[in-house]
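Last residue of the sequence shown: number 275 in the working numbering, and the count goes up by one each step with no gaps.
Honestly, the hints are just simulated from the structure, not real lab data.
Keep in mind that the hints are not guaranteed to be accurate.
20 Å max Cα-Cα, derived EDC-like pairs, lysine to aspartate or glutamate [claimed, not checked]:
id, residue 1, residue 2
1, K114, E140
2, K215, D166
3, K156, E192
4, K156, D166
5, K156, E175
6, K234, E192
7, K164, E177
8, K215, E271
9, K163, E186
10, K61, E256
11, K148, E198
12, K164, E186
13, K183, E235
14, K183, D152
15, K54, E271
16, K109, E85
17, K196, E186
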Amino acid sequence: MTIKDNVEKVKDIVNKAAEKSGRNPEDIIILAASKTQPVEKIIQAYNAGIRYFGENRVQEGMKKIDQLKNYTDIHWHLIGGLQTNKAKYAVRYFEMIHSLDRKQLADEIDKRAGKIGKKQDVLIEVNVGEEESKYGVKPSELKELFEYSLKKENINILGLMCIPPYIEDKEKSRPYFVLLRKLKENLQKEFGVTLPHLSMGMSHDFDVAVEEGATIVRIGTAIFGEREAP
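Model the full structure from these sequences, guided by the hints.
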């Protein structure tokens, strides 16, 4: 199957999952996770209608963004963990950062965005499975980080992101997506804010994520096929 075929299949699954849960499919962003993918494949996905791309590594993303700078309607998101010393590059290159997970990083994003006169869109990454190997703030510490980051002049918090533990049976991911949605709802209620985005769901479980309220699904393999080695 071609990348165009894959994109059509992903769209069809999103549409069905949205309709099943009484949602408008147009409210869901299909973000192609393009880590390690060559620009030729990104262009194929673009030609198939994808306009949102997510990179895991700042440096790799910067190169691709520079190479594809003539594609002015591409929205570039940083979806991987962000080291504090890379924040200055991330705010220059990426429209949205999905991986704010600590106060030190909030300070740095705020400072670097302020220096270039930008209000940086971010999502707070929550470690819903509380796994040692993963980035993200613990659910019990989310409120404190949210309140801290909310006060930053140059940060615009638009929602939450998670990467649940990988489970072959995608139905077992559902409780993690429900948890993230409820955490978002609690923050909205307590702080009187609107958080439009839930970034959750990847190639093997994004239909379940959509059923539970995902507004951004991050799709790599289901669009590009198996990843090529960098």
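Results of checking the hints against the structure:
1. Among the hinted pairs, K114 with E140 is consistent with the structure: their alpha-carbon atoms are about 13 Å apart, no more than 20 Å.
2. Distance check on the hinted pair: K215 and D166 sit about 29 Å apart at the alpha-carbon level, beyond 20 Å; violated.
3. For the hint linking K156 to E192, the alpha-carbon distance of about 17 Å falls within 20 Å, and the restraint holds.
4. Using a Cα cut-off of 20 Å, the hinted pair K156 and D166 holds, with the two alpha carbons roughly 14 Å apart.
5. For the given pair, K156 sits about 29 Å from E175 by alpha-carbon distance, which is inconsistent with the 20 Å threshold.
6. Our distance criterion of 20 Å between C-alpha atoms is met by K234 and E192, whose separation comes to about 13 Å.
7. For the given pair, K164 sits about 31 Å from E177 by alpha-carbon distance, which is inconsistent with the 20 Å threshold.
8. Proposed proximity of K215 and E271 is supported: the alpha carbons are some 19 Å apart, at most 20 Å.
9. A threshold of 20 Å between alpha carbons decides the hint, and for K163 with E186 the separation of about 27 Å lies outside it, so the pair is violated.
10. At most 20 Å may separate the alpha-carbon atoms for a hinted pair to count; K61 and E256 meet this at roughly 9 Å.
11. At most 20 Å may separate the alpha-carbon atoms for a hinted pair to count; K148 and E198 meet this at roughly 14 Å.
12. This hinted pair does not check out: K164 and E186 have alpha carbons roughly 24 Å apart, beyond 20 Å.
13. Taking the CA atoms of K183 and E235, the gap is near 18 Å; set against the 20 Å cutoff, the hint holds.
14. Under the criterion of a C-alpha separation no larger than 20 Å, the hint pairing K183 with D152 is consistent with the structure, at around 19 Å.
15. With a C-alpha separation of about 16 Å, the suggested pair K54 and E271 falls inside the 20 Å cut-off, and the hint holds.
16. For the hint linking K109 to E85, the alpha-carbon distance of about 10 Å falls within 20 Å, and the restraint holds.
17. A C-alpha spacing of about 16 Å is found between K196 and E186, which places the hinted pair at or below 20 Å, so the restraint holds.
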